[in-house]
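Q: What follows is the residue order along each chain.
Number of protein chains: 2
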Amino acid sequence: MTDTLPAGSVIGILGGGQLGRMLSVAAARLGYRTHIYEPMANPPAADVAHAVTTAPYEDLAALEAFAKSVAIVTYEFENIPTSALDALEAHCPIHPNRRALSISQDRLIEKSFLRDLGLMTAPYAAVDDAADLAEAVEEIGTPSILKTRRLGYDGKGQERLKSPDDAEAALAAMKDAPAILEGFVEFSHEVSVIAARSLTGEVAAFDPGENVHVGGILSTTTVPARLTEAQRTDAVLLAAKILNALKYVGVMGVELFVTKKGLIVNEIAPRVHNSGHWTQNGCAVDQFEQHIRAIAGWPLGDGSRHSDVVMENLIGDDIARIPAIAREKHTAIHLYGKAEARAGRKMGHVNRVTPR
Amino acid sequence: MTDTLPAGSVIGILGGGQLGRMLSVAAARLGYRTHIYEPMANPPAADVAHAVTTAPYEDLAALEAFAKSVAIVTYEFENIPTSALDALEAHCPIHPNRRALSISQDRLIEKSFLRDLGLMTAPYAAVDDAADLAEAVEEIGTPSILKTRRLGYDGKGQERLKSPDDAEAALAAMKDAPAILEGFVEFSHEVSVIAARSLTGEVAAFDPGENVHVGGILSTTTVPARLTEAQRTDAVLLAAKILNALKYVGVMGVELFVTKKGLIVNEIAPRVHNSGHWTQNGCAVDQFEQHIRAIAGWPLGDGSRHSDVVMENLIGDDIARIPAIAREKHTAIHLYGKAEARAGRKMGHVNRVTPR
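So the protein sequences, as listed, match chains A and B.
Note that numbering that gives the first Met the number 0 gives residue 176 to position 177 of the first sequence, counting from 1, and the numbers run on in steps of one.
Note that numbering that gives the first Met the number 0 gives residue 339 to position 340 of the second sequence, counting from 1, and the numbers run on in steps of one.
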């Protein structure tokens with residue numbers, strides 16, 4: 000641990016949502032302080048942070064002051080403007096690195112990176128205009144999904160094409176943003192691997208979890224996932240290949256479709272991931288601590304799973320179920336301190352634990 | 000949950016040490032914010048709190064402003080001046096209640112309260128002067144321990160009498176503070192029960208832990224403790240009796256000596272307790288969350304133990320062992336963010352977990 004961040008150092012976190020909140024708690028547990036940078040006032044992470052800057056990502060002076068107040072910078076979401084990264088990186092290191100960010104910020108670049116690594120993805124084609132889309136539909140067929148290349152999450156910026164007739168409306172919904180048409184993948188279920196790579200190149204992965212989405216938003220993650228031993232090994236090796244190729248430092252979420260042809264990479268997220276929340280109550284070291292360990296130069300922690308866990312997201316009005324959930328056995332509650340329960344808003348999650 | 004503290008409410012915590020720090024994280028997990036009141040600057044809890052007031056307990060204006068900014072007040076240590084409690088209680092409720100505090104603040108009152116409940120304690124006698132001490136030594140004998148009635152912790156304010164000859168020096172060490180002579184108890188080991196009582200009078204206890212002290216400071220807690228089923232039941236019932244007698248709300252630590260004659264109460268602490276830190280990695284709901292649940296009007300959580308755990312305190316220079324501990328399997332690290340590793344100072348703890 001020669002290059003370990005000294006105890007008491009301040010870690011800067013871009014983004015003050017629930018992921019930043021849980022990263023902040025993990026950083027504290029390892030003896031660090033956090034400084035949250037977030038455009039919106041009173042973000043969830045502010046409740047458990049040492050310092051908070053409320054400023055937009057376009058405020059280069061605020062970014063510079065922030066960067067000077069911290070030892071390293073990390074982030075809880077991938078859509079950080081390049082200009083903001085430039086301003087920060089002039090003063091301190093950013094983990095995970097910018098290559099990982101730039102790849103995950105653009106679905107087209109991401110898919111081509113994965114293909115270059117020899118990994119399987121859904122069939123895809125770039126779509127900048129109606130002619131591209133017509134050609135892509137010809138090649139990939141329907142059903143397929145038109146997605147913006149950038150800034151999509153939780154099913155936003157996505158339009159489904161049931162038949163070629165849907166092409167025009169789908170393209171209009173992209174509002175001239177560069178897009179990508181993705182072919183439909185016949186998969187039996189989705190799993191994800193939460194993997195980490197340390198400053199010294201050590202790689203570790205948590206047991207893959209099985210994800211169920213409802214309305215484009217993650218609903219539950221279950222460990223163990225339904226996978227053969229061979230699939231489990233494939234999933235972990237594939238994640239390691241991605242991390243090593245990027246000389247990645249930190250935790251990454253890798254979403255995979257389980258198909259008859261093998262594991263197909265859906266997308267990668269260069270950060271802690273909702274499908275890794277189960278680790279908080281299933282392992283001695285959770286994904287948030289693993290991320291802090293990686294970026295702070297610690298050895299990776301023991302993420303072996305001591306229990307079976309079902310993680311359930313509490314979305315919007317689900318929060319009203321808390322009084323009943325609070326009486327459940329073997330259930331750990333994690334709320335995010337958000338004032339207003341809007342539809343589709345992640346308000347918290349619960350981990351239901353069964354010792355193995 | 001009709002009297003439940005609304006989500007987003009601010010919980011005031013007196014004391015910003017590691018207990019306040021871990022209480023603050025638990026409060027956030029349940030959707031609350033915390034405001035720490037602490038005389039010393041930059042306390043451990045400040046790293047994970049919504050707000051911090053730095054002021055002495057004699058500053059009644061600061062106390063009043065603090066009380067007005069929070070919905071309820073709790074505390075991480077028992078030696079809070081009565082005048083401070085008066086100032087706070089004029090504005091908001093304090094949990095656990097003042098009777099519990101006043102009893103635990105004075106070893107003589109505590110022992111007499113426990114005896115009145117029909118529980119066993121060490122033999123004891125009040126000592127205000129040399130005549131009292133001579134009489135007490137006559138009655139109780141040696142070896143015995145002279146302790147200040149108030150403000151002792153971690154072995155401070157205690158003098159051992161190996162023979163009656165030690166009486167004069169021991170009394171001088173009390174510096175005229177009212178004291179109590181406690182007879183020596185022949186015990187095989189010490190256990191503690193971390194128990195909780197809710198606003199509605201529901202009581203729950205974690206599995207008793209077995210404690211080993213070194214130099215008067217807790218070194219390790221091991222669960223399961225060496226106890227027969229009957230002793231385990233006795234320990235939990237005894238703790239429940241204390242909580243109910245005090246109409247207590249919150250978590251209490253009850254230290255017990257295991258002797259041939261049965262369980263003898265050593266002392267009670269009206270707060271979360273170092274010997275309950277194992278619950279963080281051994282249960283779905285830990286002692287910190289249990290305390291917040293109790294004082295916030297939630298039902299008590301499921302504190303059943305899913306794993307065997309050995310908690311080890313990291314004291315003073317023990318912190319230098321972190322690089323080695325960080326590589327251990329099945330080990331969860333909890334550091335307190337204290338800058339300076341002074342001898343006898345609790346810097347953190349680790350929980351070594353073995354699934355049952």
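Derived by calculation from the structure, the hints in this document are not laboratory data.
Owing to the predicted nature of the structure, the values given are computational and were not obtained by experimental measurement.
Incorrect hints may have been included.
Identical chains share a label here; the pair holds if one copy fits it or two copies do between them.
The calculated DSBU-like cross-link candidates involving lysine-lysine, where the alpha carbons are at most 35 Å apart (straight line), are [to be verified]: (1) 328 with 246; (2) 328 with 174; (3) 161 with 246; (4) 337 with 260; (5) 161 with 67; (6) 328 with 161; (7) 240 with 328; (8) 67 with 337; (9) 259 with 67; (10) 345 with 67; (11) 328 with 345; (12) 67 with 260; (13) 345 with 240; (14) 174 with 67; (15) 259 with 337.
Q: Hints first: check each against the structure and report whether it holds.
A: Tested hints:
Proximity of residue 328 and residue 246 under a CA criterion of 35 Å is satisfied inter-copy only: 25 Å between copies versus 42 Å inside one chain copy. In the homo-oligomer, the alpha carbons of residue 328 and residue 174 never lie at most 35 Å apart, since the shortest distance is 48 Å inside one protomer and 51 Å across protomers. In this assembly of identical chains, residue 161 and residue 246 lie within 35 Å of each other by CA distance neither inside one copy nor across copies; the values are 39 Å within and 64 Å between. In this assembly of identical chains, the alpha carbons of residue 337 and residue 260 never lie at most 35 Å apart, being 42 Å within a copy and 53 Å across copies at closest.
In this homomeric assembly, residue 161 and residue 67 never come within 35 Å of each other (Cα to Cα): the closest approach is 51 Å inside a single copy and 59 Å across copies. For a Cα distance limit of 35 Å, the shortest separation of residue 328 from residue 161 qualifies neither inside one copy, at 44 Å, nor across copies, at 50 Å. For the homomeric pair residue 240 and residue 328, the shortest alpha-carbon distance between copies (24 Å) is at most 35 Å, but the shortest distance inside one copy (39 Å) is not. In this homomeric assembly, residue 67 and residue 337 come within 35 Å of each other (Cα to Cα) both inside a single copy, at 29 Å, and across copies, at 22 Å.
For a Cα distance limit of 35 Å, the shortest separation of residue 259 from residue 67 qualifies neither inside one copy, at 51 Å, nor across copies, at 63 Å. With identical chains, the CA atoms of residue 345 and residue 67 are at most 35 Å apart both within one copy (32 Å) and between copies (31 Å). Taking the closest pair of Cα atoms, residue 328 and residue 345 come within 35 Å of each other both inside a single copy (23 Å) and across two copies (33 Å). When the C-alpha separation of residue 67 and residue 260 is checked against a cutoff of 35 Å, the pair qualifies neither within a copy, at 49 Å, nor between copies, at 63 Å.
For a Cα distance limit of 35 Å, the shortest separation of residue 345 from residue 240 inside one copy, 31 Å, qualifies, whereas the shortest one across copies, 42 Å, does not. For a Cα distance limit of 35 Å, the shortest separation of residue 174 from residue 67 qualifies neither inside one copy, at 38 Å, nor across copies, at 50 Å. Taking CA atoms no more than 35 Å apart as the test, residue 259 paired with residue 337 passes in neither setting, with 41 Å inside one copy and 53 Å between copies.
In terms of the numbered hints stated before, the structure departs from hints 2, 3, 4, 5, 6, 9, 12, 14 and 15, listed from lowest to highest.
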